[in-house]
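J.: Spelled out from the first residue to the last, the chains are:
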Amino acid sequence: MSERDSLIEASVAAYRERDQEGRLVPPPEYWDLAPEDVEELFRRQVLSREVERAMDLEGRSATVKAVLARLGIV
Amino acid sequence: MSEIDDLFTAARTNEPRAFARWMGSVELPVRLGLRRYAEAVDVETIVQETFLRMWLLTQEPARELTGEHASLKFAIGIARNLARAEARRYRREHLLPPEELPEVPVDPAPTSDPKLRRLIQECLKRLAGAPLKALEARLNFGDQYPDHTIAEMIRMTKNTFLQNIVRARRQVAECLEKQGVRLDEVLP
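Here the protein sequences come in this chain order: D and W. Using our numbering, the first residue of the first sequence is number 211, and each one after it goes up by one. Using our numbering, the first residue of the second sequence is number 2, and each one after it goes up by one.
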């Protein structure tokens with residue numbers, strides 16, 4: 211696997227930290243992506259969320275679950 | 002009223018499960034509506050912030066949304082505004098698309114697809130070893146923990162974990178293609 215692949219993959223997951231002001235922030239690796247990598251990142255994020263949705267009995271992607279967790283709803 | 006509108010209306014009566022289903026119905030069109038912003042911002046962050054704002058909207062009964070798929074259209078508007086603000090904050094506005102973008106075709110996805118789920122499960126069964134371990138861990142915990150924590154849980158370094166995710170993703174995609182399913186087809 212190339213370093214590029216690793217950088218892209220690190221930004222695919224749905225988990226996002228919050229900054230000191232409470233805003234969601236991308237993972238550190240995101241900032242090292244080249245402009246031509248972001249289309250691939252977008253593609254992998256879409257496909258990952260679809261796989262997660264397909265695999266969840268309630269049809270929830272990791273994005274939906276992450277938001278529900280932030281809201282204290284599980 | 003569409004099913005999306007019904008779900009959002011139900012969510013506004015303080016029904017979290019309806020809000021979860023609403024998010025599931027609009028996630029893909031909202032995400033696709035941000036495709037041209039992907040060069041400037043992290044789309045995943047924007048989608049999650051959009052849903053958090055929409056939850057706040059469910060708590061404001063006086064604020065009415067009207068028209069077919071009104072909540073989806075409103076969410077796409079919020080998402081694009083957030084993307085513009087985020088790009089400005091990080092001084093990446095030069096990467097933004099023009100202000101006037103055509104409306105995203107509204108084609109809400111079903112909340113789950115039993116056939117696709119079965120095929121993916123079959124392909125996951127064909128995975129083995131470290132790629133399987135890594136992908137299962139990402140599927141189970143990817144919404145709750147950062148990758149380095151998940152990697153520690155399964156005793157891998159973060160880099161090895163990411164390598165195994167990439168391998169697993171390729172193997173699942175190849176397996177699905179052999180069964181006539183191209184995951185890329187969800188992307189217009």
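What the hints contain is simulated information worked out from the structure, not anything from laboratory work. Don't take every hint at face value.
What the hints assert, rightly or not - With beta-carbon atoms standing in for the labels, derived distance ranges: (1) D:Arg-228 x W:Ala-63: 14 to 20 angstroms; (2) W:Glu-65 x D:Glu-246: 30 to 36 angstroms; (3) W:Lys-179 x D:Arg-228: 20 to 26 angstroms; (4) D:Gly-232 x W:Gly-130: 22 to 28 angstroms; (5) D:Pro-245 x W:Gln-60: 36 to 42 angstroms; (6) W:Arg-37 x D:Gly-282: 20 to 26 angstroms.
To be verified - One-sided excerpt, in silico: chain W residues whose CB lies under 7 angstroms from chain D: (7) Ala-21; (8) Val-48; (9) Leu-57; (10) Leu-163; (11) Ile-166; (12) Cys-176.
What the hints assert, rightly or not - Derived coverage of chain D by chain W (criterion: at least 3 residues anywhere in the stretch with Cβ under 8 angstroms from a Cβ of chain W; other residues may be distant): (13) 214-223; (14) 240-253; (15) 261-267.
Built from N, CA and C at the ideal position, the CB exists for glycine as well.
J.: Now tell me if each hint is right for this structure.
T.: Outcome of the hint check:
no.: 1; hint: D:Arg-228 x W:Ala-63: 14 to 20 angstroms; result: 29 angstroms, violated
no.: 2; hint: W:Glu-65 x D:Glu-246: 30 to 36 angstroms; result: 43 angstroms, violated
no.: 3; hint: W:Lys-179 x D:Arg-228: 20 to 26 angstroms; result: 41 angstroms, violated
no.: 4; hint: D:Gly-232 x W:Gly-130: 22 to 28 angstroms; result: 40 angstroms, violated
no.: 5; hint: D:Pro-245 x W:Gln-60: 36 to 42 angstroms; result: 39 angstroms, holds
no.: 6; hint: W:Arg-37 x D:Gly-282: 20 to 26 angstroms; result: 33 angstroms, violated
no.: 7; hint: Ala-21; result: 6 angstroms, holds
no.: 8; hint: Val-48; result: 6 angstroms, holds
no.: 9; hint: Leu-57; result: 10 angstroms, violated
no.: 10; hint: Leu-163; result: 5 angstroms, holds
no.: 11; hint: Ile-166; result: 6 angstroms, holds
no.: 12; hint: Cys-176; result: 12 angstroms, violated
no.: 13; hint: 214-223; result: holds (count 7)
no.: 14; hint: 240-253; result: holds (count 7)
no.: 15; hint: 261-267; result: holds (count 7)
Hint violations for this structure: numbers 1, 2, 3, 4, 6, 9 and 12, all remaining hints satisfied.
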